[in-house]
Amino acid sequence: METIKGIAVSPGVAIGPAYVTGRQQYVIPEESVGAGDVEREVRRVSQAIGAASQDILNLKNRLSGTPVDKYSAILDAHLAILNDERLFDAISRRIREHGFSAEHAVSKVLSEYAQTLESVDDVYLSQRATDIYDIQDRLLTAFMGKPDRGVTHFARPVVIVAHDLTPSETLALDREKVLGFATDAGGSTSHTAIVAKALSIPAVAGLGRASVAVAGGDTVIVDGDKGLLIVNPDPGVLERYHASQVEHAATGTGLGILKEVAADTTDGRHISLLGNIELPAEIGAALDHGAEGIGLFRTEFLFMQAGHEPSEEEQYAAYCNAARALGPRPLVIRTFDLGGEKLAGGLRHHQERNPSLGCRSIRFSFENPAIFRTQLRAILRCGIHGDVRLLLPMIASVEEVRRAKAYIAEVKDELKSEGIPYVDNMPVGIMVEVPSVAIAPDAFAKEVDFFSIGTNDLIQYTVAVERVNEHVAWLFTPAHPAILRLIKNVVTAAEAAKIPVSLCGEMGSDPVFTVYLVGVGIQELSVAPPALPRIKRLIRLLSYQDARRIADKALALSSAREITEFLIKSLPETDRPLSD
Amino acid sequence: MEISKTITITNKYGLHARPAMQFVQLAGKYASKVSISKGEKVVDAKSVLDVLTLGANMGSEISIRAEGDDAEEAMAALLEFLTGDIDKD
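Protein sequence lines, in the order shown, are assigned to chains A and B.
Mapping of the first sequence onto this note's numbering: position 542 corresponds to residue 1315, and the numbering continues sequentially without gaps.
Mapping of the second sequence onto this note's numbering: position 80 corresponds to residue 192, and the numbering continues sequentially without gaps.
No lab work stands behind these hints: they were computed from the structure.
Incorrect hints may have been included.
Far from chain B, some chain A residues (derived; all Cβ distances over 12 Å) [stated by the list, open to error]: (1) S819; (2) E1140; (3) S1209; (4) V1238; (5) E1239; (6) A1269; (7) I1341.
When the alpha-carbon atoms are kept at most 27 Å apart in a straight line, the in silico DSSO-like pairs for lysine-lysine are as follows [stated by the list, open to error]: (8) K150/B x K117/B; (9) K153/B x K124/B; (10) K153/B x K881/A; (11) K1342/A x K1261/A; (12) K141/B x K117/B; (13) K999/A x K124/B; (14) K999/A x K1261/A; (15) K1261/A x K1326/A; (16) K141/B x K153/B; (17) K833/A x K141/B; (18) K881/A x K150/B; (19) K1271/A x K1219/A.
Covered, in the sense of this in silico footprint (three residues per stretch, anywhere, with C-beta under 8 Å from a C-beta of chain A), are these stretches of chain B [stated by the list, open to error]: (20) 131 to 144; (21) 153 to 164.
Note that the coordinates shown come from a computational prediction; the quantities given were computed from them, not determined experimentally.
We put the CB at the ideal spot given by N, CA and C, even for glycine.
If we strip away everything but chain A, and leave its shape as in the complex, we get (with noise of 0.2 Å):
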């Protein structure tokens, strides 16, 4: 059994043969041509371009009315780059200037093009050298007659490991015979990603050298969820794994009885379970799954939704009805965590070659003060009908947190002399999400109502790794024993200032993680609604003196594999994860 990490482009597990194949491989001659043949090569090359744009057009009419067939846009672009006068200019004149024969001229001038491409220093706009490539095996295609790798038709059921998909290829899939991919290259914005999620088939992109490392007829596991890549699996694993297909088609049944019941360790011990949500509409489906509240109200969908630094009353209307809905259940509403990747609408912000270092969430918002006191007075405003409480995001320094609640005392006078009602006494709390914090978390206590760790930012400000970097992702995890440390550090902080603390990062919806969550201190978890039955059923089969025990010798461990070895071998058999 090998596992091979990569990156999640596309939710599920799905299990079958491997059908592999590499890296497209033409052998182009460097031949030249006699003088006297230079026209007849240019000929065939508006041929080739000909019947390629004819290949394409047959593909988009098979796709037509189909689930995927809003984006045959990508085919269109296709064609626009095939038809592109400049481009038949550069093939020919390479003919002519310089003899090529027309497979060399074409292969030259497009890997240029691609290369090009690659280069520019944007993750997005160089994935879409992928779809040069694709133009140019197009064009070779139908130079040599070579028939297109077959990844379109199949006998039986697989699952596809690539070096790479062209978007034609992943578009001209046949859907009932492809289980799920593996791909070597590609990150969660190709082409390819996309296509994948529109066809809900479980991928994982970005594995470096899956297309290697797996032969044709291996039994591999795509897991979609955690972007890992298991060949040939132990059966154990294997058993697993397809027990979670069946119990993940069974989700709402089974684990709908447990809507009902507490997420009480087996001596007693409440863990509040919450829902992490991006709009109002979703909290139907969090109290649905069990949450007793909504520990994370991100707050950015007002703006991306309206386009524009949303009003005063819209956003008053918007936060108002989450309240109402969860009627005397917490709301924790998060300030706006807008800047670098996020910004939206119509706000422009400077270049910044660090974004993610630089002026976003609540730096942003300090940097635009309207925007953030026009948000607090509807916050504070919708206060009035249920338990809301303010967090503020991203804070780095006990100065931000006083500045911040300056601008709250300020904006609270406001309304009181405008006679408006608002909620004197909102709890105000941070996201403890930079390590500045996690370190010294006893200086925040003090100042705030409560904490809550947000683990995915403060994994990557922690081990220095983005995880959208192919590159680098599989650097990220949880496990770190720095994260484990900093975690504890913040529970133990919290606990001698008696305030509460909450967890709302991906970690507490792993269950590899609740075990040591709970056992460390944390009694309050707030994650995406659809994983709050699986980590109620686990806690519920945990005894938190057998956790507190498992947690402190998690924390003696040095490396993030023995720590993740550990804490699955520590978990309920049936509750073991399927793979890691």
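Dock chain B against the given chain A, drawing on the hints supplied.
Okay, now just chain B, sitting in the frame of chain A:
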């Protein structure tokens, strides 16, 4: 007539495949000669390959130059396109 304007690309993904194609189609509707440049690199705004490989990602400052009888109309249409919501489906 000859006019030129400088603008910053603000959409998340820049002038990637589909927007590049739409931009080029729009430029192609006008008789004027239109070029687009980023830094030192100047390319034909009517060639999708050129526009795509210009590498105009979010935050890039690009200049558009239009030359011809309908230069003004062409410039207005192209600027409107670039400042609009070009990431949408």
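For each hint given before, does the structure comply? Return the numbers of the non-compliant ones in rising order. As far as the earlier hints go, not one is violated by this structure.
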